[in-house]
Amino acid sequence: MAGGKETPRQRMIGMMYLVLTALLALQVSNQILQKFVLLNDGLERTSKNFISKNEFTVSSIAGTVEQQGNNERDVPKVAAAQEVRKTAAEVYTYLEGLKQQLITESNAIDDQGQFKTSALKNVDIPGNIFNNNQKGFEMQERLNAYPKQISEILKSVGIELSFDNIAKDAKDIEIFKNDSEARNKNFVNLNFVKSPVGAVMAIISQYQNEVLNIEGEALSAITGSIGTFYFKSDVFKASVAANSNVVAAGTKFEGNLFIASSSSSAAPKMTVDGRDVPVVDGFGEISFTVPPAGQYDDRGLAKRVLKGEITVNIAGKDSTLTVDYEYFVAQPVIRVTSEVVNQLFADCANDLSIDVPALGNSYAPDFSISNGNLIKGNRPGQVTVIPGASGKVVIGVSSGGNKIGDVSYDIKPVPAPTIRLFDGRGQIDLSQAYPAPGPAALNVEAIPEPTFGRTMARDANFEVTGGEVVLLRNEVPRERVNIGGKSVAIRNLTAAARAGDGLVIRVTEVTRTNFRGNKIKTTLAQPEIIRLQLK
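Going by my numbering, the first residue of the sequence shown is number 1230, and it counts up by one from there.
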């Protein structure tokens, strides 16, 4: 309906409509048809109550305007209310005519004035009237034009209020939009085609209620706008309406300082803690940045008191009203999430997400860093931290120019990779002797530690760049080749090798390529030695 929250009555009407439309897909029994008749009867009684209430509201608007002296601002609202009632009555009457046409053509009422079950079950007549004879399409157009007519009437007297369409296709109704069978049905097919007369009667009555409900909202809006330029209150109280009385340090305190039943014509002067507050339409708009508190209680809160003053003309003289408003400053807690959050790896791209939940949508992070570098991500709080070689890295967290706090982490050295040998068939099993003269191809690879390789994939690119492979016979070196990369040229060694010899792989240097593409060489203090026995 309108842009605001739905009333319990609106929610009830909407639910009844959804039940009606959902039941149309069922095989209709006599008992269900009886329920449709009862439901239709209840909807018609609701309509009568709606009409009585709305007619009374129109009369009340006219009486109120007259009592207030027929002010030129309000007089047009009387005519607007009458026009709203007239427009609603025309659409209601139009719908009633369709309902009576349906009852007549289906011969639904017997000589005693009772509904005939056989007629109520008829599914052909609704389709003929509303689909074949186009009455349903005309009805949809008329119903959806009505909310716009009401909005235009309200706009003519300075009231901005919009309403949703009443007659919707299945794709525009929540319970049907994801239903593959129903979502492609238009308004007419959804409500009238293959639908029994009894159900269609109730559906039309429901649409009549929708029409009257929009009328009621429009009349309420007109009623609420009457006399808004008068300051009539005889009881005055200064108050503060804050968005929240718990405010995180570094965020803004926001709320309204006002006189109850305030009026824009009163033009009061307002201050908070000695500072002037801008007044818009009689309400003071409070906005200031809350500094961190010196101490917080065990709940992480610190009590504060806002002192407000309102100076306004009351009974011909300026009067000052005061208010003390208690609120609490919440201690902001920095929350960091990452797969490596406990300690950061040296000279690696450690991805972190730094959040301060207490700040909510006002979180506008900025960061500083010592003993490292920091790269901001695409989302607020998303950062990549590149620590120095050792020690600790400290990250300062601020929001909106206000310091929140620091987080610090130990810098962890990159874990050494494990050296593995591979031939053309896969990893070589060192627990068994290798057939002489040895592998046709030998790869010496540096495999990252599993956790580091998973969490720091961009920095876990290792390569063996120093060492040698030696052919031993009776523990005496016979031939040797240097290791300069992953693939080792051992053809000369294997050409001279025979059963009983051994190949000794000695790794002295490993190079890691980090996320920037930089080559970081590490000379092993203790060379990694692997022996491959030939058989």
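Don't take each hint at face value.
With a straight-line cut-off of 35 Å between C-alpha atoms, the simulated DSBU-like cross-links for lysine-lysine are [unchecked claim]:
hint, residue 1, residue 2
1, Lys1315, Lys1414
2, Lys1345, Lys1384
3, Lys1764, Lys1632
4, Lys1481, Lys1498
5, Lys1377, Lys1400
6, Lys1498, Lys1423
7, Lys1400, Lys1423
8, Lys1384, Lys1264
9, Lys1406, Lys1536
10, Lys1423, Lys1481
11, Lys1364, Lys1345
12, Lys1536, Lys1621
13, Lys1481, Lys1264
14, Lys1345, Lys1282
15, Lys1536, Lys1605
16, Lys1498, Lys1414
17, Lys1423, Lys1384
18, Lys1328, Lys1345
19, Lys1364, Lys1264
20, Lys1282, Lys1364
21, Lys1377, Lys1282
22, Lys1328, Lys1315
23, Lys1377, Lys1345
24, Lys1641, Lys1750
25, Lys1406, Lys1328
26, Lys1481, Lys1277
The hints are simulated quantities; they were obtained by calculation from the structure and are not laboratory data.
Hint check:
1. Lys1315 <-> Lys1414: Holds, at about 33 Å.
2. Lys1345 <-> Lys1384: Violated: Lys1345 and Lys1384 sit about 47 Å apart, past 35 Å.
3. Lys1764 <-> Lys1632: Answer violated: Lys1764 to Lys1632 is near 69 Å, above 35 Å.
4. Lys1481 <-> Lys1498: OK: Lys1481 and Lys1498 at ~22 Å, within 35 Å.
5. Lys1377 <-> Lys1400: 21 Å, holds
6. Lys1498 <-> Lys1423: 66 Å, violated
7. Lys1400 <-> Lys1423: 19 Å, holds
8. Lys1384 <-> Lys1264: 41 Å, violated
9. Lys1406 <-> Lys1536: Distance of about 52 Å is beyond 35 Å: violated.
10. Lys1423 <-> Lys1481: 59 Å, violated
11. Lys1364 <-> Lys1345: Judged against 35 Å, a Cα distance of about 24 Å means the pair holds.
12. Lys1536 <-> Lys1621: Violated, at about 45 Å.
13. Lys1481 <-> Lys1264: Violated - the C-alpha atoms of Lys1264 and Lys1481 are around 56 Å apart, more than 35 Å.
14. Lys1345 <-> Lys1282: 33 Å, holds
15. Lys1536 <-> Lys1605: 40 Å, violated
16. Lys1498 <-> Lys1414: It is violated: about 59 Å lies between the C-alpha atoms, which goes past 35 Å.
17. Lys1423 <-> Lys1384: 41 Å, violated
18. Lys1328 <-> Lys1345: 16 Å, holds
19. Lys1364 <-> Lys1264: Measuring from Cα to Cα gives roughly 26 Å; hence the hint holds.
20. Lys1282 <-> Lys1364: 30 Å, holds
21. Lys1377 <-> Lys1282: Roughly 22 Å separates the two Cα atoms, so the pair holds.
22. Lys1328 <-> Lys1315: Roughly 20 Å separates the two Cα atoms, so the pair holds.
23. Lys1377 <-> Lys1345: This hinted pair is violated, its Cα atoms lying about 38 Å apart.
24. Lys1641 <-> Lys1750: 17 Å, holds
25. Lys1406 <-> Lys1328: OK: Lys1406 and Lys1328 at ~28 Å, within 35 Å.
26. Lys1481 <-> Lys1277: Violated - the C-alpha atoms of Lys1277 and Lys1481 are around 50 Å apart, more than 35 Å.
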